[in-house]
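*Asks:* Each chain is listed here by its residues.
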Amino acid sequence: MKKTFLFFSALSVLIMTSCKSTLASATSTPLSVTENIRPLDADITVDTKKEISGQSKTLYFLFFRLSGDSKYAEGVDYSTKSGLFSTKVSRAKAAAAYKAVKNSGCDVIVHPNYEVNIEDYVFFKKIQVKVTGYAGTINSIYQREYCSPCSDNYKGLEIKN
Amino acid sequence: MKKIITIICLMTFIGIQAQDIQGGLKLSVNLPMFSGDVDNTKGKVGYSIGYFESMMLTNNIALEGEINYTHVAYQLGQGDDFTFEDDINFFEIPLMVKYVSNDFHIGGGFQYCLGSVTDFGPIVDLTYYNDNLRFGARAFLGSDKSLTGNSMTNISAYIGIVIF
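Which chain is which? The protein sequence lines are A and B, in order. The opening residue of the first sequence carries number 5 in the working numbering; numbering runs sequentially from there. The opening residue of the second sequence carries number 2 in the working numbering; numbering runs sequentially from there.
Everything labelled a hint here was simulated from the structure, so no lab data went into it. If you're wondering where the values come from, they're calculated on a predicted model, not measured in any experiment. Check each hint, because a few of them may be wrong.
[Stated by the list, open to error] Distance condition first, Cα-Cα at most 30 Å in a straight line; then the derived BS3-like pairs of lysine-lysine:
| id | chain 1 | residue 1 | chain 2 | residue 2 |
| --- | --- | --- | --- | --- |
| 1 | A | 53 | A | 75 |
| 2 | B | 27 | A | 129 |
| 3 | A | 106 | A | 130 |
| 4 | B | 146 | B | 27 |
| 5 | B | 27 | A | 130 |
| 6 | A | 130 | A | 61 |
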């Protein structure tokens, strides 16, 4: 009798103290506000008779940069393979592009050609980049499709309510 | 290591007019000397083969890096009785800044050793340049005592040949 009592007591304790977890599903809708910007077009005058160029030389000793330029052009696609060691070349290209644009006084380099010369040694690394291209001057930037309200010099279609 | 970084950072502030990089091979004979903290340790003549690169940063300052494979031999004993001989091989990576005066280069820097022994310490170097040949002497002041219980000072004399 005692054994039966103990058995049921232990069983009831086990049942009462067993784990319980409740899961309730709920769907959530992420709310994000995005801004749709219509593409911008630029009216650029390209002077094909005016070829511009810029050069940049950088010297590294192990991981340390010993010499090189410190001013870079931002937002230029250099068609460089991305990777751990491509940063050095990209920086040299950006420095060459900066010099080409600044020295010529233009806004963009049209059809840029990058000539990259890398001398790679065990301890030293020399990167020399020369960029050549045509001088491009931006006359105006506008949105091509529709606008409302539109600016005075807008050349596209206007939405009228 | 911090001192190396400091030296190299200082170099970046100096007006650097980098010239062509020179590289070559070198052969050294060395004689290690031990501090004598534990027992008697006596160095024997060893050798080292290596590769060097150097660049003149200004007219008077050069930067040099090397990778050397070094063989060091030594004897252990008590008193005048040396009963045990051993040798070790390891790689040396010295990095130096050199002051150039005519054909003489006086250098200082640090060297990292790895392999049978791991050590780090200062080096001093004196080199004479003769066209494509280099003749020099160097001292490395090690601090690691795991080898024989003694720190090692490695004195070496070398000849190098410029290959590019």
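*Asks:* Taking the hints in turn, state whether each one holds.
*Replies:* So, going through the hints one by one against the coordinates:
no.: 1; hint: 53/A <-> 75/A; in the structure: 27 Å, holds
no.: 2; hint: 27/B <-> 129/A; in the structure: 21 Å, holds
no.: 3; hint: 106/A <-> 130/A; in the structure: 24 Å, holds
no.: 4; hint: 146/B <-> 27/B; in the structure: 28 Å, holds
no.: 5; hint: 27/B <-> 130/A; in the structure: 24 Å, holds
no.: 6; hint: 130/A <-> 61/A; in the structure: 7 Å, holds
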